[in-house]
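There are 2 protein chains.
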Amino acid sequence: MNLSDVCREEIISYIHSICPFKLNNHGKMIRSEIGLLILNSIGYEIKKDDLKFLSVIELIHTSSLLHDDVIDGCEIRRNSSLNNKLAVLYGDIILININEILNEFNNSELIKLFNKTVKTMCEGEISQIKSESEIPSIEDYIKKTQMKTSSLFEFMVKGLFIIREENIIQELVSFAKNYGTAFQLKNDFVDVMTSKSDIKNGIYTASVIFSGGINITEDSIEKTKGLIDNYINEALKCLDVLEESSYKKTLTEVTKCLKG
Amino acid sequence: MNLSDVCREEIISYIHSICPFKLNNHGKMIRSEIGLLILNSIGYEIKKDDLKFLSVIELIHTSSLLHDDVIDGCEIRRNSSLNNKLAVLYGDIILININEILNEFNNSELIKLFNKTVKTMCEGEISQIKSESEIPSIEDYIKKTQMKTSSLFEFMVKGLFIIREENIIQELVSFAKNYGTAFQLKNDFVDVMTSKSDIKNGIYTASVIFSGGINITEDSIEKTKGLIDNYINEALKCLDVLEESSYKKTLTEVTKCLKG
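Going down the list, the sequences are from chains A and B.
So in this note's numbering, the last one in the first sequence is 436, and the numbering has no gaps at all.
So in this note's numbering, the last one in the second sequence is 436, and the numbering has no gaps at all.
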């Protein structure tokens, strides 16, 4: 077991103590992975509080998935035996449990940012629902993506500095924003190339927007890849702030993974 | 316009500033009414903070109604033009907005109690969902009722003391608990006597429990009324702590209104 595995186990154990129902899977835990790599790459020793905070980040993601699955009327991703009625309430309880834990950090800036982040995520989702079955502009689509997804990546990075009462390294927040955007664009792109569940639900992402309709053109695929690459390149540029290390190298690789 | 109307208007104006969507009705605002009567009856001057706090209480109720309506798959009571997808997210945003406002009171006891109350309300709802289509014992039904409904009445009373940093008058908390129980039992009783929507949804309340099935007997109606009366009488006894006043008289009348 390497350090990252040990940390992952500890984050999962916090998650279990906070989550009011059995999680059948934890997903990729990409937010925690990035968070740990960032801490390592700037030479911070990883403390229990970091792992606790990262478990909160994973659970904000989990609670948003729960409510998204209810909204989409689909199977609950984190536990398929859970019905939609319970998912609404478990999502609420997770939010309250998170609030309790964040209050233990005794830092009003952290609470303010938590409130702002969850609200932004909800508002991103609301703007998606309100524009269902309409093809948005590429700008609106990116804005919504950043509200829904990047905001949590940004909160993750900011929070890791705030709980240590250290100055926030803004380049790393920009990294999180660009990485988060590329991550969601890539997810949406994969959906269009495989299950097309977004299209079926009237949610139109980059490839549809570039095609001007649901018949995806070759040209729009290239444009979508280009768009994702732009955010990956922006994210990579932000990593220049870090000194060379094996952690920086892994962070670079993880980011490049979103290519193609 | 009497004092109570002025306060009500101000509470509604706070509610509008906190709620992310248009509320088409505000319900009876019984929690605020009771809160104001309690403050008046112990001779406390009503301050802006009281009205702000009472608007939070109304909105906790509103957000729980939003999520309950989604769970029940029925029309959104507070705004029938709202669809269920948006109701999930608006409920989340209301909870976050409430958290922001409660943080302005700068009182960790208040936040802890808020977290505990919302969690208890959710857990009450969860226990109802888990026992759907089963006739519970009368004890379980009352326990669930107190979790779902009385806990918010209790938080309302406790909070009004906490924000003034005054000692909580426990008899008034007991009043809130008993009043809240009687209030919900009465609501459930009226449902059985009119629309029977609970029975249709497999939710079995006192009259069904006493009948031992969905064919309501005369005897069970009397027993249900007797049960409600017990909580009303307990609530009235708690009011003995108050000195005589027109406010205490109104509080007594409002409580007696729940009688059968």
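I should point out that these hints are in silico values taken from the structure, not numbers from a laboratory.
Fair warning: there could be bad hints in the mix.
Each pair may be met inside one copy or between any two copies, as identical chains are not told apart.
Claimed, not checked - Derived pair list, reagent style SDA-like, types lysine to any residue, alpha-carbon separation capped at 20 Å:
no., residue 1, residue 2
1, Lys292, Asp367
2, Lys432, Phe337
3, Lys228, Asn291
4, Lys292, Ser193
5, Lys362, Asp416
6, Lys413, Asn259
7, Lys223, Gln322
8, Lys198, Lys432
9, Lys288, Asp405
10, Lys198, Ile305
11, Lys334, Gly402
12, Lys306, Ser256
13, Lys425, Gly219
14, Lys288, Ser193
15, Lys399, Asp416
16, Lys306, Asn343
17, Lys376, Tyr423
18, Lys306, Cys195
19, Lys432, Asn216
20, Lys425, Gly249
21, Lys292, His192
22, Lys292, Phe197
23, Lys292, Asn282
24, Lys288, Ser256
25, Lys432, Phe281
26, Lys288, Ile277
27, Lys376, Cys414
28, Lys292, Glu276
Right, here's what the structure says about each hint:
1. Lys292 with Asp367: Answer is neither; intra-copy 29 Å and inter-copy 40 Å both fail.
2. Lys432 with Phe337: Classified as neither: same-chain Cα gap 25 Å, cross-chain 56 Å, threshold 20 Å.
3. Lys228 with Asn291: Both ways: Lys228 and Asn291 sit 18 Å apart in one copy and 19 Å across, limit 20 Å.
4. Lys292 with Ser193: between (25 Å within a copy, 16 Å between copies)
5. Lys362 with Asp416: For Lys362 and Asp416, the Cα distance exceeds 20 Å both inside one copy (23 Å) and across copies (66 Å).
6. Lys413 with Asn259: neither (44 Å within a copy, 43 Å between copies)
7. Lys223 with Gln322: neither (29 Å within a copy, 41 Å between copies)
8. Lys198 with Lys432: neither (33 Å within a copy, 45 Å between copies)
9. Lys288 with Asp405: neither (33 Å within a copy, 45 Å between copies)
10. Lys198 with Ile305: between (29 Å within a copy, 17 Å between copies)
11. Lys334 with Gly402: neither (28 Å within a copy, 57 Å between copies)
12. Lys306 with Ser256: Result: close only across copies, 16 Å inter versus 27 Å intra.
13. Lys425 with Gly219: within (14 Å within a copy, 68 Å between copies)
14. Lys288 with Ser193: between (24 Å within a copy, 18 Å between copies)
15. Lys399 with Asp416: For Lys399 and Asp416, the Cα distance exceeds 20 Å both inside one copy (26 Å) and across copies (75 Å).
16. Lys306 with Asn343: neither (38 Å within a copy, 47 Å between copies)
17. Lys376 with Tyr423: Answer is neither: 40 Å inside a copy and 59 Å across each miss the 20 Å cutoff.
18. Lys306 with Cys195: between (30 Å within a copy, 18 Å between copies)
19. Lys432 with Asn216: within (19 Å within a copy, 65 Å between copies)
20. Lys425 with Gly249: neither (40 Å within a copy, 50 Å between copies)
21. Lys292 with His192: between (25 Å within a copy, 19 Å between copies)
22. Lys292 with Phe197: Between copies only: 18 Å across, 26 Å inside.
23. Lys292 with Asn282: both (17 Å within a copy, 18 Å between copies)
24. Lys288 with Ser256: neither (33 Å within a copy, 32 Å between copies)
25. Lys432 with Phe281: neither (34 Å within a copy, 46 Å between copies)
26. Lys288 with Ile277: both (14 Å within a copy, 11 Å between copies)
27. Lys376 with Cys414: Classified as neither: same-chain Cα gap 36 Å, cross-chain 58 Å, threshold 20 Å.
28. Lys292 with Glu276: Both: 16 Å inside a copy, 9 Å across copies.
The structure fails hints 1, 2, 5, 6, 7, 8, 9, 11, 15, 16, 17, 20, 24, 25 and 27 (numbered hints given earlier, in ascending order).
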